[in-house]
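Novice: These are the residues of each chain, in order.
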Amino acid sequence: GESVGLHLPTLSVQEGDNSIINCAYSNSASDYFIWYKQESGKGPQFIIDIRSNMDKRQGQRVTVLLNKTVKHLSLQIAATQPGDSAVYFCAENRGPNSGYSTLTFGKGTMLLVSP
Amino acid sequence: GAGVSQSPSNKVTEKGKDVELRCDPISGHTALYWYRQSLGQGLEFLIYFQGNSAPDKSGLPSDRFSAERTGGSVSTLTIQRTQQEDSAVYLCASSLDGRRAFFGQGTRLTVV
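Protein chains in written order, with the working numbering: chain A, 1 to 115; chain B, 116 to 227.
Don't read these hints as lab results, they were simulated from the structure.
Ideal Cβ placement from N, Cα and C applies to all residues, glycine included.
It is possible that some hints are incorrect.
Residues from chain B shown here face chain A by an in silico Cβ test under 10 Å; the list is partial [stated by the list, open to error]:
| hint | residue |
| --- | --- |
| 1 | 132 |
| 2 | 143 |
| 3 | 144 |
| 4 | 157 |
| 5 | 171 |
| 6 | 177 |
| 7 | 179 |
| 8 | 204 |
| 9 | 208 |
25 Å max Cα-Cα, derived BS3-like pairs, lysine-lysine [stated by the list, open to error]:
| hint | chain 1 | residue 1 | chain 2 | residue 2 |
| --- | --- | --- | --- | --- |
| 10 | A | 107 | A | 37 |
| 11 | A | 68 | A | 42 |
| 12 | B | 172 | B | 130 |
| 13 | B | 126 | A | 42 |
| 14 | A | 107 | B | 172 |
| 15 | B | 172 | B | 132 |
Short derived list, chain B residues pointing at chain A, Cβ under 7 Å [claimed, not checked]:
| hint | residue |
| --- | --- |
| 16 | 160 |
| 17 | 203 |
| 18 | 206 |
I would like the entire structure built from these sequences, with the hints used as guidance.
Specialist: This is the structure in structure tokens:
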């Protein structure tokens, strides 16, 4: 019979490299764009978010870039470590001033970091 | 508790039976979400509760699915007459600001 396999795009990097994970979004009305990390067997975990009126935000070893012209969001991870191996999801939502909305998740990208 | 708690962690049920999945959100969080995740797939939105507002049920796949949130806290997702395609991990999350959502470990549902 047909086996169930992974259908997520995969990014493979070496430890110490910088990683860039991309996401295209569709809803121009979103107020916030968020990145989540999901390790195997666990629920997603918040990494960083960016408000729609910003184009860049930095955290610890991570940077999120937002290009509203082409509706593109990216997550940059500096000096990638094996512990960064996980599935990364982008998400979007509307904030209180626009009438709250649910978090809508993208399809996800698997990041594999080799030592 | 410190985080979002879901129960049971695993549930095996026979096709046609009803199941109830429970979510205890973080105290004080006004937003509560239910998602479904199949193996190797993304998160499929099911339902969203925000404070006292009417829930957003637009993601429920059929009328066999329903959810309620009592007293703005605990939520129960009910699946009636379960089918094999309902097998998945059901994730609950809660949030205070709508952006930083805290997820539970999920309930793995297997319909045999």
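Novice: State the violated hints by number, sorted upward, taking the hints as numbered earlier in the document.
Specialist: 1, 2, 3, 6, 7, 11 and 17
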